[in-house]
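Engineer: Protein sequences, first through last, are from chains A and B. For the first sequence, position 128 (counting from the first letter as 1) is numbered 131 according to my numbering, and the numbering increases by one without interruption. For the second sequence, position 59 (counting from the first letter as 1) is numbered 218 according to my numbering, and the numbering increases by one without interruption.
These are calculated hints, taken from the structure and not from any lab test. The hints are all genuine.
Below are the SDA-like pairs computed for lysine to any residue, each with C-alpha atoms no more than 20 angstroms apart in a straight line: (1) A:Lys241 <-> A:Pro5; (2) B:Lys226 <-> A:Pro45; (3) A:Lys195 <-> A:Glu373; (4) B:Lys249 <-> A:Glu147; (5) B:Lys219 <-> A:Val288; (6) A:Lys94 <-> B:Asp242; (7) B:Lys219 <-> A:Glu59; (8) B:Lys226 <-> A:Glu59; (9) A:Lys195 <-> A:Glu368; (10) B:Lys219 <-> A:Glu295; (11) B:Lys224 <-> A:Val56; (12) A:Lys379 <-> A:Lys390; (13) B:Lys249 <-> A:Thr144; (14) A:Lys216 <-> A:Tyr9; (15) A:Lys135 <-> B:Ala240; (16) A:Lys252 <-> A:Ala214; (17) A:Lys135 <-> A:Asp204; (18) A:Lys85 <-> B:Ala175; (19) B:Lys224 <-> A:Cys44; (20) B:Lys226 <-> A:Phe35; (21) B:Lys249 <-> A:Gly49; (22) B:Lys219 <-> A:Thr293; (23) A:Lys94 <-> B:Ala172; (24) B:Lys224 <-> A:Val291; (25) B:Lys249 <-> A:His138; (26) A:Lys85 <-> A:Asp204; (27) A:Lys379 <-> A:Lys410; (28) A:Lys85 <-> B:Asp173; (29) A:Lys195 <-> A:Ser34; (30) B:Lys219 <-> A:Pro283; (31) B:Lys249 <-> A:Ser41; (32) A:Lys301 <-> A:Glu59; (33) B:Lys165 <-> A:Asp278; (34) B:Lys219 <-> A:Phe296; (35) B:Lys224 <-> A:Leu54; (36) A:Lys344 <-> A:Ile371; (37) B:Lys219 <-> A:Leu292.
Treat the numbers as computed from the prediction; the structure is a model and nothing was measured.
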Amino acid sequence: MPLEDYTIVIGLEVHAELMTETKLFCGCSTSFGSEANSQVCPVCLGLPGTLPVLNEKAVEYAVKAGLALNSDISLLSKFDRKNYFYPDLPKAYQVSQYDLPICLGGHVDFIVNGEKKVIGITRVHLEEEAGKSVHSGATITDSEFSLEDYNRCGIPLIEIVSEPDLRSPEEARIYLETLRNILRYAGVSDCKMEEGSLRCDANISLMPKGATKFGTRTEIKNMNSFRSVQRALEYEAKRHAELLDRGEKIIQETRTWDEASGVTEAMRSKEEAHDYRYFPEPDLVPIVLTNEFVNDLKDNLPEMPVAKYHRYITEYGLPEYDADLITANKDMADYFEEVIKHYKDAKVVANWLMGEFMRLVNEQEVDITEVKVKPKHLAEMFALQDKGVISSKIAKTVFEEMFNTGKDPATIVKEKGLVQITDASEIEKIVEEVIKTNPDPVAEYLSGKEKVLGFLVGQVMKLSRGKANPQMANEFLKKALDQLK
Amino acid sequence: MSLIDKKTVERVADLARLHLTEEEKEDMTKSLNEILEFEQKLANLDTDDVEPTIHAIELKNVMRKDKVEESLSIRDVFLNAPDEAEGFFKVPRIVELD
Chain A
4 MPLEDYTIVI
14 GLEVHAELMT
24 ETKLFCGCST
34 SFGSEANSQV
44 CPVCLGLPGT
54 LPVLNEKAVE
64 YAVKAGLALN
74 SDISLLSKFD
84 RKNYFYPDLP
94 KAYQVSQYDL
104 PICLGGHVDF
114 IVNGEKKVIG
124 ITRVHLEEEA
134 GKSVHSGATI
144 TDSEFSLEDY
154 NRCGIPLIEI
164 VSEPDLRSPE
174 EARIYLETLR
184 NILRYAGVSD
194 CKMEEGSLRC
204 DANISLMPKG
214 ATKFGTRTEI
224 KNMNSFRSVQ
234 RALEYEAKRH
244 AELLDRGEKI
254 IQETRTWDEA
264 SGVTEAMRSK
274 EEAHDYRYFP
284 EPDLVPIVLT
294 NEFVNDLKDN
304 LPEMPVAKYH
314 RYITEYGLPE
324 YDADLITANK
334 DMADYFEEVI
344 KHYKDAKVVA
354 NWLMGEFMRL
364 VNEQEVDITE
374 VKVKPKHLAE
384 MFALQDKGVI
394 SSKIAKTVFE
404 EMFNTGKDPA
414 TIVKEKGLVQ
424 ITDASEIEKI
434 VEEVIKTNPD
444 PVAEYLSGKE
454 KVLGFLVGQV
464 MKLSRGKANP
474 QMANEFLKKA
484 LDQLK
Chain B
160 MSLIDKKTVE
170 RVADLARLHL
180 TEEEKEDMTK
190 SLNEILEFEQ
200 KLANLDTDDV
210 EPTIHAIELK
220 NVMRKDKVEE
230 SLSIRDVFLN
240 APDEAEGFFK
250 VPRIVELD
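Isolated chain B (complex conformation):
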């Protein structure tokens, strides 16, 4: 029995703005099912006395002082911007018309 179907894959792809071909969708469905099946195995382990791992590396409290540092120059800010106008990032229409 598969844990994830093509419809779910299509939805997740849509949420992530990924455009998949039919072949890729089939592929993804298969791969994701394999991953989820493996996780099912892990889910069967008894972890009642195990603290949840919340980060892969054992570090905590990496922080900095609240001290202002130099920001980018206005010229550099827009070097990677697809479009710019009057010192702003110019973006296409946000709400689609019907």
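The following block holds chain A by itself, in its conformation from the complex:
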């Protein structure tokens, strides 16, 4: 039967690196991109005789993440050892949380195709990151040896496990994007999928529409972008449906997504690989939080995307579409708020950000945080427009120059001689010139084809190199033409 006759059931396990300065259990730096093995010490190398000491900031960030995800914060939680042998894990166990995670429950809400979705969160727990392997061959199977960099080993992570509430690959992608947005708003993770600070594994199964018993699931790993999460799940859903249609069984297994070929492949794993033999971590004592500590963090939690969205509509009078687009990216929302500190017409600011601003950001592939235009300068540009110093057309030229150089608009206008012409006699002169050099359109206009006026105004703007005040150009041209009638 077609895929539409199946219900797709998806749950995601998301790992996000916390934005602490140091690792979870030692003082090694967490900064990205340093020389291999330059940020390691006896603790994160798992040398005998060392003891871990918990980073208080990581606890704070995990609680903040839980609060942002509407979770219940556990006043008592502890660490456990998850035991497995793998070269990226020098201790041969990962310190994680098993039966007493720091946050329980919660939900993430978003809108997909006009419908509100509430995706349940099972738990959020703290754990340590593993190291990074570089394989000698093209793939791990082809490699005679591998090289290990332990700089990443011990960086604090939160693992966010969702309920199997997602019903399509698209929903899974939107859930992940919403989750990233929430964590970035909460200020606990920078969530850069390309740097691996946000990673996601997915569980997927199919059941016939109307059924209540979930089918056998497979787990997908190695999806390195939001788009690949959706693509991998679309592929896997189709694969399940084809197998089920042929009366074959789904094998419960872990599969890896191959971005280049667009398929998932079974990973070779021994059966006992999943026997982690968790036991309480004897080297770390329990975390006991007070209601006061939790409430204080709750009161000081930054505004979340949904709240911001509603505020943009009620406080700034933005249309839903604009509010949604701007709050969907924290950097964009931050920028927007900086600009409107200096310029009150929020709709003008929103239009500009969604239009010219995003056009140049996308075209030049820059990060919003690295845009050279200071929010205050953008506000000044709007003011120049309002005062009639520059036209809206010139504003685009000025803005592009601001974007490329970071200069303020007044300087650019002066340097480039872009001040709008509002001197009546000067515009009249240009109008005369246009009428003289365009006899045919003028004749057409006079014979009643008034649409030609637009073309003639265009010629006035062109001749003035965009600097003529458009309203004046329009008005003067009409007056001059009417006198010819």
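For this one, chain A is given, so just place chain B on it according to the hints.
Structural biologist: For chain B alone, coordinates are given in the frame of chain A:
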């Protein structure tokens, strides 16, 4: 009746990468059974009103500030490493071939 058999001991040993002789396996099976039998005794106690002990010592919240401390020098990092290449720990083949 024994609570744990030799097969389980072999599996646990394998997971822990322990290579036991036949004699050691017998020994382990016997010792582990004695430990588990003792625990059975404890399991019979009424602990309904007792808070679970989650750590042997009564300490909580031992934490440090999020302040960067010096890491090891690259030279010292590899002093105990069996093999090293280009500033990385070099490890043997991870996935066995068929």
